[in-house]
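Participant: Please put together the full structure from these sequences, using the hints given.
In terms of the working numbering, the sequence shown opens at residue 1 and continues consecutively.
Calculated from the structure, these hints are not laboratory results. Because the structure is a prediction, the values reported are computed rather than measured. Heads up, the beta-carbon is just placed ideally off N, CA and C, and yes, glycines get one too. Just to be clear, a hint being listed does not mean it is correct.
[As the list claims (entries may be wrong)] PhoX-like mimics (lysine-lysine), calculated; alpha carbons at most 20 Å apart, straight line: (1) 147 / 778; (2) 147 / 727; (3) 848 / 129; (4) 727 / 768; (5) 114 / 61; (6) 243 / 333; (7) 129 / 61.
[Stated by the list, open to error] Computed Cβ-Cβ distance ranges for the label pairs, DEER-style: (8) 103 / 350: 54 to 60 Å; (9) 103 / 782: 49 to 55 Å; (10) 103 / 684: 24 to 30 Å; (11) 217 / 502: 45 to 51 Å; (12) 685 / 558: 37 to 43 Å; (13) 867 / 758: 37 to 43 Å.
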Amino acid sequence: MAVNNSYLLGLFGGSYDPAASAAFTRTVTKKAQPTAPWSSTLAASAPKPDALVRQALAGRKFVDEGAARLDLDGASPDYRKLFALYRGLETLSALSNRASVAGLTSTDLALTQKRFASGLAEISAYVGKADFDALRLVQGTTSALSKTTGAVPRDSSNSVTGPIHEGSIDTPVAAFAGDTRFAMTIRVPVGLGSQTTSVPIDLADMGSTPRTMDAVLSHINGKLEAAGFATRMGRDQIKAEPKTIQVGTKTITLPAGPDKWALAIRGTSTETVGFTPVDTSDAVYVVQSAGAAGAPVVNQLLKFQSDGGAAAAPTGGNVGETQWVDGRLSQEKLADGVSAIRASAVGPDGSLWLVADVTTGGENQPVKGTQDVALMKYDSAGRLVATRTLGAASTASGYAIAVNSNGDVAVAGSVTGALNTSSADAGKSGDVANVADSFVTVFNQDGEEQWTQRRGARAADEATSVAFGDDGVVYIGGRAKSAIPGSASVGGWDGYVQAFKAGEPYPTAGIVARAVGQAQFGTAADDGVDAIAIDGSNLYTAGIEDGRAVVRQFTLNASGVPSLAATRNLGPISGDIAGIAVSNGKVILTGTSLDSGLAAGTTTTAHSGGKDVFVAALSTNLAAAGTDRLSWYGGAGEDSAADVKVHDGKVWITGVADRAAGAKDTDPTRGYLTRLDPLTGAVEYTRSWSGDGDQAKPLTLAVASGGASVLDRLGLPQGEIDQKDSKLLTSATSLRVGDRFYITAGDGGRPRAVTIEARDTLASLARKITIASGSQLKVSLASEGGAVTGKDGETTTTTGGVQRLSIMARDGTSGAILTSGETGRDALLGLGLSPGYIGATSSDAPVKTFGMNLPSGLTLNSPDSIATANERIQDALKAIRDAYRALAPQTSKSASGPVPAYLTNQLANYQAALSRLSG
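Facilitator: Okay, here's the thing in structure tokens:
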């Protein structure tokens, strides 16, 4: 029999309301939050990864609020946004995992990569526009303080050499022995100009005094003081530290060796210091890679002293150097992050310029893409003075360099993806986004970019050579798979040359470059240009066309437009073209080949077997002549010509010497440097050496007239020390004009763009950020570091510390959100700033902020990039889960205190009724 609770409680003075009781029960069991898509209860019905991939490849939206399910009436709209984002991120993760599947066809992989990029862009756009009610979600990170990793060098009147002495400070320094004479030059401002004074230094004036570090410095400083200058020479101690080595599975710690000592030039802001040698000889720079096979590659800069001249020959290696060979002046380690070095040249001031591919710009110069081109300047002492990056948004490779008599530097190569050449094309890639185009960039003698031109065919093309002509015209040569602008395709890969001229249309307009002429040529097979040379109104190209070595002569009109004048086919070549030059009325062609039938006049020295180096001397009109000569150089094995320079009519060559055919990567490799006469084939100078780990692989060479002197063993450069570097962001970082990012005030509002302009510095950028944030952010310049001493095994530089931007929220404000710029023009990448929220991050902040740490530049282009993408997507998924938990209603505090009398009476009556029923 059913019992009526209302009747029962009425008999005992109570009451019962069914509706209220049900409501109470529902209140107790009510859901606090809608069920999350990652919960176990929804796992069975959630789309599987393969289904997500199919949906993405079919073009379905990644973020779809309409598809997000909420099983709680009246739930905050924030949940729907979070759930939609979560599903989009899961789809990205599924695509990333698919890209790593073995056996995926190139077509499927390309489609997967394309949809991944589209999905990432869609998620980025959604997060940037999503308006949450109870939280703040940013694509990047959250922090109270953010600093740029991109930095600008500080000016410094102090400079430190590499180590020149090892051991006790009281013992004579070997570097000071013998005939040690030079002059220190001090330039001071006078009126609107300057005045330079030469202070002669001759250590013979010390007489019988032992040439210890302190004694020599006292002697030099006495001369400077007597001349009335404040600059002084000092010493820096480089403390020795214990080293560890791996022997099998054991790590062994070696005791610290003796301390090392370097010279320090301590100048003033008004005195510019320089050094001038008394006796000089020519110097040859060789860049090589060394290190045991399988071990990390170490790139080194070697400096050799040529025979002849008046400088005393070096008698041994400097402190900390390895694998010394007779004639070598120095050995310096190049900066980390360099993946390839293909060209070098000496400037009119004796400085060395290198063009390299870099995957990282080190601590102070982040690259924006996966690989960029870097232009590096070294002084004659092998110290890194400046580094300039191209600023490619995706990837770029540098193949060639040229320096003119004014000190301007041209760099040429290939670029894929965006490369802003002006504000008008900021963020734009070539005609086909994933196809390489040719580029050429010209810098002034201070390393400031003057102009860049990107000229590409529809199919792939690349610039492999560059040269300066008369009247400022710059020429590039290369190869293209289809027609370059203004020409027609011949078939396969074609060779090409293009001419560019720059000028300023009107004062303050800025330098503008334009193409003034081009030529495309070759056969129906694969052809290309490997080297070019300019001689007055003639341009010469050298390349391999359908397997044959071909030299072409072009005449240049008054505007610099090339016209084909002559062609010389030297016959089959089984090797490479290394260089071409014009000297002493001869066109000099250098390369390597098997004995394949190459013919260029009279053979002066015979082929030795395997692959040898050849030097051909041809008439300037390319007609066969009785004075043409062909000389071979090498051993019975494989010889390479990594680089070649013609200097004073003689040919300098470097490469790998006489390597056995079929040699393994682990077999020893020796480098060589040789000078020969192109007319007789006579070898006038040669050196051969091993490298660390029995591996020495020369990459480039450059010759400096009078570049060797006693200053080399002292670690001092010839000429004035460069005490000031450019403060322009477009020079000191990988930023380009037109790059930008956005700032949104933390309390809402529309995003405001911060765009990089040609003359921007850290100071001007700080002002832009402050204004764009509505003064929500406080931006200051932070100084770090000092002069670098050039420790053993590290790069020696002249940097006097750096400055960075330091950004934080102003007191009493809600901070601001930094958002990446569009793909191809994201300034945050060049600055080394993370997108995201800058402001209060404590748990008691009025609005909680969650950072997804999801970079907008993620790709699936390699196993490493796929692994990185997976890690970042998991970070973003966790941020969504954290935000979901933060939306949970706060649990109320439990009631306390005496129970009301009416409730006590009702509970007692109800208990009595239950007792009677059970009784």
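Participant: Within 20 Å, alpha carbon to alpha carbon, are residue 727 and residue 768?
Facilitator: holds (17 Å)
Participant: Keeping to a limit of 20 Å between CA atoms, is the pair of residue 147 and residue 727 held or broken?
Facilitator: holds (18 Å)
Participant: Given the proposed pairing of residue 114 with residue 61, does the C-alpha separation stay at or below 20 Å?
Facilitator: Distance of about 14 Å is within 20 Å: holds.
Participant: With a cut-off of 20 Å on the C-alpha distance, tell me whether residue 147 and residue 778 pass.
Facilitator: holds (12 Å)
Participant: Is the gap between the beta carbons of residue 685 and residue 558 within 37 to 43 Å?
Facilitator: Given range 37 to 43 Å: holds, Cβ gap about 41 Å.
Participant: Is the Cα-Cα distance between residue 129 and residue 61 20 Å or less?
Facilitator: OK: residue 129 and residue 61 at ~16 Å, within 20 Å.
Participant: Within 20 Å, alpha carbon to alpha carbon, are residue 243 and residue 333?
Facilitator: holds (18 Å)
Participant: Take a look at whether the Cβ-Cβ distance between residue 103 and residue 782 falls inside 49 to 55 Å.
Facilitator: holds (51 Å)
Participant: Given a hint of 45 to 51 Å, does the C-beta separation of residue 217 and residue 502 actually sit inside it?
Facilitator: holds (48 Å)
Participant: Take a look at whether the Cβ-Cβ distance between residue 103 and residue 684 falls inside 24 to 30 Å.
Facilitator: The hint (24 to 30 Å, Cβ to Cβ) is violated, given that residue 103 and residue 684 are roughly 57 Å apart.
Participant: Hint check: residue 848 vs residue 129, CA-CA at most 20 Å. Holds or violated?
Facilitator: Answer holds: residue 848 to residue 129 is near 18 Å, not above 20 Å.
Participant: When you take the CB atoms of residue 867 and residue 758, is the distance between them in 37 to 43 Å?
Facilitator: Holds: the Cβ-Cβ distance is about 38 Å, inside 37 to 43 Å.
In this structure, the one hint that does not hold is number 10.
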